[in-house]
Amino acid sequence: MRGTTFMKIATRIAARLAKAAVVLLAILVLNFLLIHAAPGDPAVVMAGEAGATDDVFLAQLREKFGLDQPLYMQLGKYVWDVLHLDLGFSYRQQMPVFDLLMDRLPATLLLTGSAFAVSLILGVAAGVLAASRVGKWSDTLISTVALLFYATPLFWAALMGVLLFSVVLGWLPPFGYETVGSGFTGMRRALDIAQHLALPALSLGLFFMAVYSRMTRASMLEVAQLDFVKTARAKGLSRGVIERRHILRNALLPIVTLAGLQAGQLVGGAVLTETVFAWPGIGRLMFEALTQRDYNVLLGVFFVSAAMVIVFNLITDLIYGIVDPRIRAQ
Amino acid sequence: MKDFWHRFRANKGGIVGLVLLAAIVAVALLAPMLFPGNPWKMVARPFVPPFEGMKFPLGTDTVGRNVAAGLAYGGRVSLLVGLVSTLAALLIGIPVGALAGYFGGRIDDLLMRVTEFFQTVPSFALAIVIVAIFQPSVVSITLAIGIVSWPPVARLVRGEVMSLRQREYIEAAILQGLSTPAIILRQILPNAVSPIIVMASLMVASAILLESSLSFLGLGDPNLMSWGYMIGAARTVIRQAWWLSLFPGVAIVLTVLALNLIGESLNDALNPRLSRRRS
Amino acid sequence: MKRILAAVVASFLAVAPALADPVAGGRANVVIQPEPPSLMLGLVQNAPAQQVAGNIYEGLLRYDTKLNPMPSLAKSWEVSDDGLTYTFHLQHGVKWHDGQPFSADDVVFSADVFLRKTHPRFRAVLDHVESITAPDADTVVFRLKSPFGPFLNSFEVGSMPIVPKHIYEGTDFATNPANNTPIGTGPFKFAEWVKGSYIKLVKNPDYWDQGKPYLDEVYWHVIPDAASRAVAYETGQVDILPAGSIENFDIDRVKELPDTCITQSGWEFFGPQSWVWLNNRQGPTASKEFRQAIMYALDREFIRDSLFNGLGQIPNGPFAGSTRYNDTDLKPWPYDPKKAKELVKASGYKGEVLKLVPMPYGETWMRLAEVIKQNLADVGIKVEIVSTDVAGWNQHLSDWDFDLSTTYLYQYGDPALGVSRSYVSGNIKKGSPWNNVEGYSNPKVDALFDKGAGTVDPAERKAAYDEVQKILVDDVPNAWLLDMGMPTISRCSVKDLVTTGIGLNDGFKNAWIQK
Chain B
1 MRGTTFMKIA TRIAARLAKA AVVLLAILVL NFLLIHAAPG DPAVVMAGEA
51 GATDDVFLAQ LREKFGLDQP LYMQLGKYVW DVLHLDLGFS YRQQMPVFDL
101 LMDRLPATLL LTGSAFAVSL ILGVAAGVLA ASRVGKWSDT LISTVALLFY
151 ATPLFWAALM GVLLFSVVLG WLPPFGYETV GSGFTGMRRA LDIAQHLALP
201 ALSLGLFFMA VYSRMTRASM LEVAQLDFVK TARAKGLSRG VIERRHILRN
251 ALLPIVTLAG LQAGQLVGGA VLTETVFAWP GIGRLMFEAL TQRDYNVLLG
301 VFFVSAAMVI VFNLITDLIY GIVDPRIRAQ
Chain C
1 MKDFWHRFRA NKGGIVGLVL LAAIVAVALL APMLFPGNPW KMVARPFVPP
51 FEGMKFPLGT DTVGRNVAAG LAYGGRVSLL VGLVSTLAAL LIGIPVGALA
101 GYFGGRIDDL LMRVTEFFQT VPSFALAIVI VAIFQPSVVS ITLAIGIVSW
151 PPVARLVRGE VMSLRQREYI EAAILQGLST PAIILRQILP NAVSPIIVMA
201 SLMVASAILL ESSLSFLGLG DPNLMSWGYM IGAARTVIRQ AWWLSLFPGV
251 AIVLTVLALN LIGESLNDAL NPRLSRRRS
Chain S
1 MKRILAAVVA SFLAVAPALA DPVAGGRANV VIQPEPPSLM LGLVQNAPAQ
51 QVAGNIYEGL LRYDTKLNPM PSLAKSWEVS DDGLTYTFHL QHGVKWHDGQ
101 PFSADDVVFS ADVFLRKTHP RFRAVLDHVE SITAPDADTV VFRLKSPFGP
151 FLNSFEVGSM PIVPKHIYEG TDFATNPANN TPIGTGPFKF AEWVKGSYIK
201 LVKNPDYWDQ GKPYLDEVYW HVIPDAASRA VAYETGQVDI LPAGSIENFD
251 IDRVKELPDT CITQSGWEFF GPQSWVWLNN RQGPTASKEF RQAIMYALDR
301 EFIRDSLFNG LGQIPNGPFA GSTRYNDTDL KPWPYDPKKA KELVKASGYK
351 GEVLKLVPMP YGETWMRLAE VIKQNLADVG IKVEIVSTDV AGWNQHLSDW
401 DFDLSTTYLY QYGDPALGVS RSYVSGNIKK GSPWNNVEGY SNPKVDALFD
451 KGAGTVDPAE RKAAYDEVQK ILVDDVPNAW LLDMGMPTIS RCSVKDLVTT
501 GIGLNDGFKN AWIQK
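So the sequence lines, in the order shown, correspond to chains B, C and S. Just so it is clear: in the first sequence, position 212 is 212 by this note's numbering, and no numbers are missing. Just so it is clear: in the second sequence, position 82 is 82 by this note's numbering, and no numbers are missing. Just so it is clear: in the third sequence, position 237 is 237 by this note's numbering, and no numbers are missing.
If you're looking for bench data, these hints aren't it; they were derived computationally from the structure. In this text the structure is predicted, and so the values were computed from the model without any measurement. Treat the hints with care, as some may be off.
To give an idea of the chain C side of the interface with chain B (calculated C-beta under 10 angstroms), a few residues [claimed, not checked]:
| no. | residue |
| --- | --- |
| 1 | F134 |
| 2 | R239 |
| 3 | W243 |
Just so you know, even glycine gets a beta-carbon here, dropped at the ideal spot from N, CA and C.
Please model the complete structure; the sequences and the hints are all you need to start from.
The following block contains the structure:
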């Protein structure tokens, strides 16, 4: 019994991965064409920055970057390399794109992961609280605050956060990943990073906190009206038990979907936060690569973030199977 | 209709939102009368603080432009970008969703794969790339926002159409020999309109947020005054001139808030089945 | 007989007299913006690369703030009377950071082989050079084809960085793995580079100039957002803000902070001048009256005072104030919208919309474009701003696809190095945003610039450049905006940071921190 269920899940995952690979490749091709349609190329950017240039210099750079080849050749080579798990070389940063991404990815994952956890936990908690006190002042307060967060531009919240907590109060460092050159190790270093993490993670999480609390509240109220809950009430189960076992568990389904979506988008969605807080992640890398026309790096970031979306969709599916027994049975 | 209004009114938030939005739209529309000339005109010395006289109630900016005038004119751009990009998203999303939901099978598969594609690309990053490539202008910004925000519309419409497609009256229409476009346009879509309206009102709100984020990164239209632009430009002087980022920020929050309140009330009023369950 | 120009040991001249004695030790935290693509100065010469790597590599000469040459890797030098032979005598006991000895062969290799291949600006200098030889291990001789006025100005570390022959000879320079761990002769050694975060340099204990440097280490912090950079200074995370690292709007506030010193020195060698490119080929800007109208229409004092924080000088012509042979008697261009309107009318302007492509180097430059647009609108000229990023802007200029565009260019202290390139017709070539982009072509101007460059006699040079300035000022090929003020902000406890005409680019050799 267990074996066949496992097989079923494995087959489903394999089919999903195959489809995902096609989507991923299509994304790379589209972005390749998009970015090459942009005015200028890396040679022009580097020549411009050098403050002096001549034809020899440009030709050297273009040859070095392989930009002297026709576009379809470049595309063909790129796709071929990617199929061989080679994301190319960043001439701008003088290192392989893969290494560059691996350098930057942990910072982004730390930032977005914390923002994700904070927004999910606090958001769902607030939503549950509001739903159980529906109509009372605490519900009104939570709903109003959630709506306000929901309507506040993220970068604005970030700037205000820096102004208040770093500049005025001096509680938290205004930017960066850790205190550079401090020589901290072990716990001291972890604490240092956590301090740097607080503001960016919070400001990035605010919006989703609002989304989760609104969604949880609505979902809880909706489920509370369903027949099986009424049955449970009729059986005389306590309010707390009903809320936890019956309502919350079922109300979680749309939240799992949303959380999966958010988790996927977090990697690509941190551009603004990483810029304001000088967070050395791949969101910022993407924006820099775009303005520097560092094609391979930009494509690499798209590759990684799209892959993340796919992975998280899969995880969402699996969690769905655990939370909702109906799907497992199918 | 009367019934709709009655239910809409039942939610106080909706009324608040409506009044707010009406006020914002009124100021935006009347901008040329309230502030004749152009919002880029340098009218006074830079950094006149707000509330220091009636001439410039909200102060002046880095080069001495009237902030109040900027807000009024900026409202036009923010609202317009929000509205038009939502229309663009609807124009892509509704046909895709309707076709996928109506025909099902291979067509559904193909269209959903395309939708999936756009949901897999990080949307904000894609918007940035599109705007950067076509160079920032109101057209490229609107287009980019439209392109990244249509997939949810397509999914919603697909779901609605799929369930409506099973209804008896549609079967009857098919038997009557009505053409497929006629069935989709006249029989199905009108019945799917309520959730689309609700979604659209919320999409305008997120489009305004998206536009301001793009402007913040320096990807706004340099020839048009918009709230996003004003915050982006004020960011570097946030320490010495707080009002420059505060007022447009508040304008965005209020507008987005109003649209969300309206959206919720619309939802209550248009989907009574759902909303009664809620409270 | 040979004219001896200088033969003084480095330690004697290099340091401006300090009030207190330097103390060794400490760390400098500096902002670097943007993150340089590489620190291999022979390959990459953009401004941030020079700022960091100028302390790793060295040139043959340094220049004081009056642009007089000072010893560096060359301890003395002679110029023959005919202006054709330049002989450099090198320092003794210089070692590369990897311990290998430095010799004249490295200099010949750098100039003749490496930089000839990789350095466009030095390549232009090499056009005047016939041969480069090393008669012995401590001597290098440059022979020129014909006299070249500013030749002695071409040996600063950014213009001619000396790279190690033993690492690069016979390799592909661009892909040599050693590029990631640059080896120079300078006062600091490369230690670590965490991309996106910081670059760390450490003291070179075997530095040839005994006793220097004083600092133990220098950290260059990469902070991509201008507002964050200002905050970093305020909260004490960095101590030194190179020019351009914070927005101009922030300077007034930051310079008033406690223990904060500001200097505009250290940029004399570069002498950046900002102007509006006017497309001389086509459209309304092809008319001289129209271009003059633009000069009268621009409120340059307002631009300087409100956008550039009052820093810098308003130029009357194409030579920046710090550039040699700048004519201070040129007639100024006042802000005169009325006169501008008349000239616009006289030019036959019919309301065409001009395309303004602003330089996308931060908020100040965007505000500048908006002010220019409004200034021109006030005299009836219609302008549309075309927003683009660095790559797009370079491309627009390289393809001559603009009516108006903002920019600033270094003048390298000498008209033959930094001014003529923007005005001589031989430099009208597509593909670069740094040559004669506006398309101005005047045989008389070409001849005068040639004359000024082709002699070492100051009087002859002055005569030629005086005349050329008169012509250019009347023709207005470009609308000159500002000789830019470049403020370096630092804690007052950081001493002797800016002692040369290139300031921070080689500043850490002498810098020390007061305890």
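Now the hints, each set against the structure:
| no. | hint | result |
| --- | --- | --- |
| 1 | F134 | holds, 8 angstroms |
| 2 | R239 | holds, 8 angstroms |
| 3 | W243 | violated, 13 angstroms |
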